[in-house]
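Chemist: Chains as they are written, first to last, in the working numbering: chain D, 232 to 479; chain P, 232 to 479; chain G, 232 to 479; chain Y, 232 to 479.
Careful: at least some of the hints might be erroneous.
Note that identical chains are pooled: a pair holds if it fits in a single copy or bridges any two copies.
[What the hints assert, rightly or not] When the alpha-carbon atoms are kept at most 30 Å apart in a straight line, the in silico DSSO-like pairs for lysine-lysine are as follows:
#: 1; residue 1: Lys-455; residue 2: Lys-310
#: 2; residue 1: Lys-297; residue 2: Lys-417
#: 3; residue 1: Lys-478; residue 2: Lys-373
#: 4; residue 1: Lys-373; residue 2: Lys-314
#: 5; residue 1: Lys-372; residue 2: Lys-327
#: 6; residue 1: Lys-327; residue 2: Lys-394
#: 7; residue 1: Lys-297; residue 2: Lys-454
#: 8; residue 1: Lys-383; residue 2: Lys-281
#: 9; residue 1: Lys-417; residue 2: Lys-281
#: 10; residue 1: Lys-373; residue 2: Lys-347
#: 11; residue 1: Lys-347; residue 2: Lys-286
#: 12; residue 1: Lys-314; residue 2: Lys-383
Treat the hints as calculated values from the structure; they're not laboratory data.
4 protein chains.
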Amino acid sequence: MVPAGMKEIIIDIIKAGKISVLVTTGANLTHDLIEALGESHYHSDSWNDKVFHDKGFDRMYNVFMKNQVYGKIEEFFEKNWEKFRNSGNTRDFLEKIGELLPEGNKSILRICYEKKVPIFCPGISDSGIGLMVWGRTISGKKLEIDVFDDMKEIINIAWSSKKNGVIYIGGGVPKNFIQQSLQFSKGANYGIQITTDRPEPGGSSGASLEEGISWGKMKPDAKKEEDYIDVFCDATIALPLLWASVKN
Amino acid sequence: MVPAGMKEIIIDIIKAGKISVLVTTGANLTHDLIEALGESHYHSDSWNDKVFHDKGFDRMYNVFMKNQVYGKIEEFFEKNWEKFRNSGNTRDFLEKIGELLPEGNKSILRICYEKKVPIFCPGISDSGIGLMVWGRTISGKKLEIDVFDDMKEIINIAWSSKKNGVIYIGGGVPKNFIQQSLQFSKGANYGIQITTDRPEPGGSSGASLEEGISWGKMKPDAKKEEDYIDVFCDATIALPLLWASVKN
Amino acid sequence: MVPAGMKEIIIDIIKAGKISVLVTTGANLTHDLIEALGESHYHSDSWNDKVFHDKGFDRMYNVFMKNQVYGKIEEFFEKNWEKFRNSGNTRDFLEKIGELLPEGNKSILRICYEKKVPIFCPGISDSGIGLMVWGRTISGKKLEIDVFDDMKEIINIAWSSKKNGVIYIGGGVPKNFIQQSLQFSKGANYGIQITTDRPEPGGSSGASLEEGISWGKMKPDAKKEEDYIDVFCDATIALPLLWASVKN
Amino acid sequence: MVPAGMKEIIIDIIKAGKISVLVTTGANLTHDLIEALGESHYHSDSWNDKVFHDKGFDRMYNVFMKNQVYGKIEEFFEKNWEKFRNSGNTRDFLEKIGELLPEGNKSILRICYEKKVPIFCPGISDSGIGLMVWGRTISGKKLEIDVFDDMKEIINIAWSSKKNGVIYIGGGVPKNFIQQSLQFSKGANYGIQITTDRPEPGGSSGASLEEGISWGKMKPDAKKEEDYIDVFCDATIALPLLWASVKN
């Protein structure tokens, strides 16, 4: 999402107060941090992966970035390492990153900090940020993050809210993590899912919202089309359209 | 994979010594543990999610299971909790589960323990197993698993092996976790990817193996079709065919 | 396209003079004629096909129409049969239908007649219109349409134009028919393709525009992204966006 | 199908008497005729379309053929033109081609002639064969084929058979043509559909077999999974598996 230019829309939605909890991949947050630290993503519809490799570019379909961005993230963590030591879970750890970024910085991490929107990242170790943390830990600087504690917090949020509405973009661990918190609290009242994955292979990413009713991830009385809908479209096309239609 | 009946093929491949490291989702391991504890997955091409909900069945496309399986997992962890206390990372934690299962049990967790194949699960908290661990922790029984330590171990394995060959089934966090370990060690020499995801939306799951060359996840001199190949097919169809063609 | 509500956009593009030749399926023209004759398409995201069958509704994913529309088309052809007798090819036959519709009628068939935009329908017999023609012919009222003559006309158009630009929406026979006319004349200079089909299965519908270069369907010096582009998206989403961005 | 190597399986199924009527694209028959006349299809997973163009190769994803094959087809029609003059419909025309091929020739056209299996090709003009016919007609050698007459014949076959079972491979005009003949006769009792197209875009190719119940293309009492099934898979993978499982 971030490499494909969706950052500003996410920020816009957060500023408008429409997101209470954000669950995302480590990759999205890594690319957000990369831009927050002054680096960029580029676009090209032609590529040669060997040439990119030799020149130090990393490709994500038709987007790429300089491999040296990792140095910037490493430097950021090296400099601020002590501040992260007492992070209890990923929500706390990510909040601390947001706090360290300059005020007004156009990043998801910063805007969530400013707007007090908790970010959960259940697969945090599986990302550039995770790699940099690992880089510190091998030099003896341990960071204890209890990933099970995230589950506790998000279930509490789901339990205590009057109604729950979910927006799933693209599936994966974030979708499943949200669904688990709903299954073990009280189910979503509303839902929007944007994905190009199919239901037939049986994976969580392509599973229809309707399927969630059997699990209790979606309320049994939620009505298709009225309360929830599956959108079969690339999210970089569908999300701007959806946001444009509701923002005013 | 496990709910769709792929467990025995995975076990077969492990028994044949063809898998040195397994990285998988918490969901796969949860469903494997469910069957290891005597519960079952069922198949039906017709369903009504409200009826399934009322009767206590959880649906995964055309497969379903009884919701009460969670009780079995909970009981398992409750009974054996003390044995897990000193788990350092997910690999260690999962090995302990395998050790506790009866000898010869037809499960991935058990066979990996017997064959000394390490299992990594970077998104462990995002699963039924994760939920049961969380269930114990809220009653004060903390379990400290360092997810960043997994990264250290798998990078060491990738560094010290003579050659690396990868098989990605379906993408997600496991694919990205393996790719990271290769990017920060020495790249894969060979690769097979089985997925129905498309490259255009730009996500990691649908990314071609060729793209990995730019990152160093795949060796720059690896040749398409000769050294690596992207297979566009449901893995429950392609994996048995591939295995059948090489097993003898 | 027409059942999904794309008719007015197509009409808008034709009125703006942006389409010189239209090649389409018999289904699109049948649904266009159905609306031209006063019948409607309806939308619903819930359905029961047996109930629809009993009530006389025909479903196209989340769109449906009354089965009795066929009576209207039949009546139209019965009444005007003599006027179609001397149709030489599908272009001529379809022009005659457009001529018979009232002036200003909001239909593709009528607007093409008014704007002198030729319509070719190589698979005409495979449609509701084709069925009604067949219905007349079995009562001895033969209609001779030379489908090979269409090929002659469209190749002439492709040859005599200064430059050729193509827009393929969804593949099938219309795409292939246009590509043949370019292969046997002088290739397209520009191209846009909107489809959700994949290239891997090898069919014409999912084939990339780039592939056309080998055949001469696309000019060898046409540049990807600059001169031609493959858009992976449902056309009912992509086409309105594309048109909105160029119409002003 | 033919360029991808499926010809022999189709022939095998026809020889086993399992196909009573074949409806296919002009492309499939053209590639079948190309091989019948001694030319070949080649395979490569690497390509450069400009180089292929310069060297005279036409690419179909990872399959290609020499452009000069068109000369062979042209020659075939030039030599035998008079024999085709009295073809009434595509079934008759294609039967005549089969008759002209040498006995025992490994082609779909020949085996259908030998086994008296009618072939219908509603989009015949949209193919290499169509192009060659067009090439003759521009030199004044007209060929009158009544495409509406095909509809009459296939509806008669559907009406007079005791039960109808359909196998749709990949959608397009052939699928729709078969479905029309069922809609206007008595519906299919059994069905198998193999396609990678999705239902959501609303096209005929991706439409589920169940949808056909509303139209009367499938019998209202046909049961999903028991009487009909949608297979989401590349047909070059699924068809050999299906045939292997039933042939003995």
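Chemist: So, for every hint listed, does it hold in this structure?
Modeler: Evaluation of the provided hints:
1. Lys-455 - Lys-310: neither (50 Å within a copy, 42 Å between copies)
2. Lys-297 - Lys-417: Classified as between; 19 Å across copies, 44 Å inside a copy.
3. Lys-478 - Lys-373: neither (44 Å within a copy, 43 Å between copies)
4. Lys-373 - Lys-314: The answer is both: 12 Å in one copy and 24 Å across copies each meet 30 Å.
5. Lys-372 - Lys-327: both (17 Å within a copy, 27 Å between copies)
6. Lys-327 - Lys-394: Close inside one copy (29 Å), not across copies (40 Å); limit 30 Å.
7. Lys-297 - Lys-454: between (46 Å within a copy, 24 Å between copies)
8. Lys-383 - Lys-281: Classified as between: cross-chain Cα gap 27 Å, same-chain 45 Å, threshold 30 Å.
9. Lys-417 - Lys-281: Between copies only: 15 Å across, 50 Å inside.
10. Lys-373 - Lys-347: both (27 Å within a copy, 27 Å between copies)
11. Lys-347 - Lys-286: Close neither inside one copy (40 Å) nor across copies (40 Å); limit 30 Å.
12. Lys-314 - Lys-383: both (23 Å within a copy, 22 Å between copies)
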